[in-house]
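Peer 1: Spelled out, the chains give:
Protein chains: 2
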Amino acid sequence: MKIIVDAMGGDFAPKAAVEGAFLAMREFGVETVLVGDKREIETCIKQIDPAGNKADKGHLLYDIVHTTQAVTMEDDPARVIREKKDSSLVVGLTLLRDGFGDAFVSAGNTGALLSGATLITKRIRGIRRAALSPVIPNKEGGALLVDCGANAECTPEYLMQFAFMGSYYVNRMLNIEKPRIGLLNNGTEAGKGTQLQRDTYELLQAAHEAGKLNFIGNVEARSVLLGGVDVVVTDGFTGNVLLKGIEGTAMFLMGELKPIFKRSAKTKVAALLVRSGLMGLKAKLDVSEHGGTALLGITKPVIKAHGNSDAKTMRSAIRQARELAQSGIIEDITANIDAIKLKQTDGE
Amino acid sequence: MKIIVDAMGGDFAPKAAVEGAFLAMREFGVETVLVGDKREIETCIKQIDPAGNKADKGHLLYDIVHTTQAVTMEDDPARVIREKKDSSLVVGLTLLRDGFGDAFVSAGNTGALLSGATLITKRIRGIRRAALSPVIPNKEGGALLVDCGANAECTPEYLMQFAFMGSYYVNRMLNIEKPRIGLLNNGTEAGKGTQLQRDTYELLQAAHEAGKLNFIGNVEARSVLLGGVDVVVTDGFTGNVLLKGIEGTAMFLMGELKPIFKRSAKTKVAALLVRSGLMGLKAKLDVSEHGGTALLGITKPVIKAHGNSDAKTMRSAIRQARELAQSGIIEDITANIDAIKLKQTDGE
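In order, the protein sequences belong to chains F and W. Converting from the first sequence to my numbering requires adding 12 to each position, the first position being numbered 1. Converting from the second sequence to my numbering requires adding 12 to each position, the first position being numbered 1.
Calculated from the structure, these hints are not laboratory results. Just so we're clear, the structure is a prediction, and the values are computed from it rather than from any experiment. Wrong hints could be hidden among the right ones.
Intra- or inter-copy, both count: the list cannot distinguish identical chains.
Straight-line distance between alpha carbons at most 27 Å, and here's what the computed BS3-like set of lysine-lysine pairs gives [as the list claims (entries may be wrong)]:
#1 LYS278 x LYS294
#2 LYS14 x LYS27
#3 LYS204 x LYS134
#4 LYS97 x LYS27
In isolation and in its complexed conformation, chain F is listed as follows:
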């Protein structure tokens, strides 16, 4: 199993990416291809193993593919592919397409990764749009949110495809036999929402009645946190607002807890007494434990790691990429594509 890593993407590149790759190679026995500025990557490697990495080189297998450009967060996603052909992102995706690795991990510009994956690695035939689908930690463990921002404007067919892809993902990656699929809405009753939700509801209900999907109906945003649903289907605009609202609330509340524990000598004692519990909660919410966000609908496994990923998070994202490559989800989608696209829009 060989994972291609965008060494130049993310706030702490290339250090976090290279260190993360080394952690992953040691812990999970994967091989990696580090794509980026060769000199910078080698400097990072020297820091990891000042003795010249000889001890490691014996069993760690990695290649460096040198590139001269880096995609920044300010780059226009639509122009990156044409104008930064020798960037780590474009070269990495091209290596993936051409079979020089089994999956691609990047903490770089999300929009550029999306359009790069769509244009270079391509969508699975019949899939209309790729979707970003993070696992949101919740009361029951977690729920998959599809789409969380790849597609601001969606059709009912896109959402139906998100539902199928999310179902396969949760089934294979989280080992849930019949994932409960919910349509994110402003109420649980049928008929709620805008035309998009009403039309999508009918498609999902039909797939449910045909025995192809375990659709449980409309769900409210509360359920994403409190449980009862495994895959939450929504357009990328709403999904993005919800995701950032959840992140903001968690940051706000955790921030409010700090001064409560720092108020006095007494409360500082309290902090020590519940330290392990609070650390456990922090770990549960911590994105670095979960890795990154899968880009579903692409012909090859692509993982978007958070822009502020550290080495540990990159390590988790590489592990997730390996699991995704082994999972068989892409094969599931390909094998069932006739059931998960609408006949009338068949011409691509």
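Given chain F, put chain W in place with the hints provided.
Peer 2: Here is chain W on its own, set in the frame of chain F:
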């Protein structure tokens, strides 16, 4: 100042509504009109003052208006006005319209309250849609979210009107001189979002350039919690998802804290040591401190209290209704209506 109270609305009606009205009368010196089943209301009053309420009756001023029907959460909002003419909700709004009180408070069916307020009390001339606008507690104190669920489908003009109404509300109710207006979006750059956000952005920017609104551009959902914005403008579908996502996250996190403090004798000691701090945080998040949600755009003040309101929450909602009635917000909207509607859609 006389507040009309829907005694039959909410999960704990009529007890919570009647007790809340008595708390408000004692604490804030308001008069109330209690609308609902006279016998049930009187039973509640007897429980509040078993001696026959004589001591209070001297200075507490309230009327009871008897009604024979109650609106349930299952009632179809569109049919309530026609089919439950003698419900506390319909009678209460009619009393408000006819000047028998200065504001109306209900913890009942939100949809029925919305359509009742629109059909009976009417929208302000020129306002296209009324909006539900709760204050979300955050790092800076709070931000107003307009709309949080009254209108799933919106036009740019609706959103522009929400911005103006929200600005007046925050100015008058939260004493902020030039409220910062943000458009909820999936990124801060101009051009983000769907067509609705892009078109609304232009309207708000034009209002800003004309010096009529302090528009600060697109904001992400994180800002609602972390601050930097006073009024967050969005369609009711997205606003509802965000509101319930925030509520769910807060419930999830507070729920996760409990077992951490209950784990052992040691952690129970810790709980005692930080008790007051945690209570303070709980109060900050507690809707019962904040009262209810204003329905903006109606000719008279209407407050929607949360369905699970207890007496204390009803009391706060009545206080908020009094403040809203005294604020001059409706006068602000009426006086500026020419600036806050689009010329081309002027015919109503």
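Peer 1: Now, for every hint given, state plainly whether the structure supports it.
Peer 2: So, going through the hints one by one against the coordinates:
1. For a Cα distance limit of 27 Å, the shortest separation of LYS278 from LYS294 qualifies both inside one copy, at 22 Å, and across copies, at 20 Å.
2. In this homomeric assembly, LYS14 and LYS27 come within 27 Å of each other (Cα to Cα) only inside a single copy, at 20 Å, whereas the closest approach across copies is 66 Å.
3. Taking CA atoms no more than 27 Å apart as the test, LYS204 paired with LYS134 passes between copies only; the shortest distance there is 24 Å, against 35 Å inside one copy.
4. When the C-alpha separation of LYS97 and LYS27 is checked against a cutoff of 27 Å, the pair qualifies only within one copy, where the shortest distance is 23 Å, while the shortest distance between copies is 70 Å.
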